[in-house]
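S.K.: Sequence:
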Amino acid sequence: AIDYLNGLDRAAIRAHEHDLLTYAREGLRQFNWARVIGDAPGKAAILSFEADGMHAHDLATILDREGVAVRAGHHCAQPLMERFGVASTTRASFGLYNTRAEVDVMLEALAKARKILV
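Following the numbering used here, the numbering of the sequence shown begins with 506 at its first residue and continues without gaps.
Simulated from the structure, these hints should not be mistaken for lab results. Each hint should be verified, as a subset may be incorrect.
[What the hints assert, rightly or not] Pair by pair, the computed Cβ-Cβ distance ranges are:
#: 1; residue 1: L622; residue 2: V541; range: 15 to 23 Å
#: 2; residue 1: A506; residue 2: V623; range: 37 to 45 Å
#: 3; residue 1: R570; residue 2: R605; range: 15 to 23 Å
#: 4; residue 1: W538; residue 2: R576; range: 15 to 23 Å
#: 5; residue 1: H523; residue 2: H562; range: 23 to 31 Å
No experiment lies behind these values; they were computed from the predicted model shown. Think of the CB as a built atom: it goes at the ideal place given N, C-alpha and C, for glycine as much as any other residue.
Produce the entire structure from the sequences given, and follow the hints as far as they go.
M.R.: So this is what it looks like as structure tokens:
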């Protein structure tokens, strides 16, 4: 496993992950009911957001049923959540194995969840 990891082009992986993060963030902006939490430059390919009228756990359950794996809750970061004034977030993480098509599936699942929950 270490030999495999050492053989990867880490700069290319970072660029790919950043592209997915940017693509997902821009896609999320189409929803006026969604708000990105934490958008610092140079951040890891992790997209945390809240969705008006939808609890993060309910949203995560529906996304799971649509084949989209996310995390939901306060992510063991209660002080940070308090600083941002949110009770919980939904969090998607992107890696070298993810694709833009999978981001599209997530965005479609979010739209479907909105119709179900609100």
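S.K.: Now, for every hint given, state plainly whether the structure supports it.
M.R.: Outcome of the hint check:
Between L622 and V541 the Cβ separation comes to about 19 Å, which falls inside the hinted range of 15 to 23 Å. In this structure the supplied range 37 to 45 Å holds for A506 paired with V623, their Cβ-Cβ distance being about 43 Å. Take R570 and R605: their Cβ atoms lie about 22 Å apart, and the range 15 to 23 Å holds. Range check, W538 to R576: about 20 Å between beta-carbon atoms, so the 15 to 23 Å window is met.
Restraint check, H523 to H562: a C-beta distance of roughly 28 Å satisfies the suggested window 23 to 31 Å.
Of the numbered hints listed earlier, not one is contradicted by the structure.
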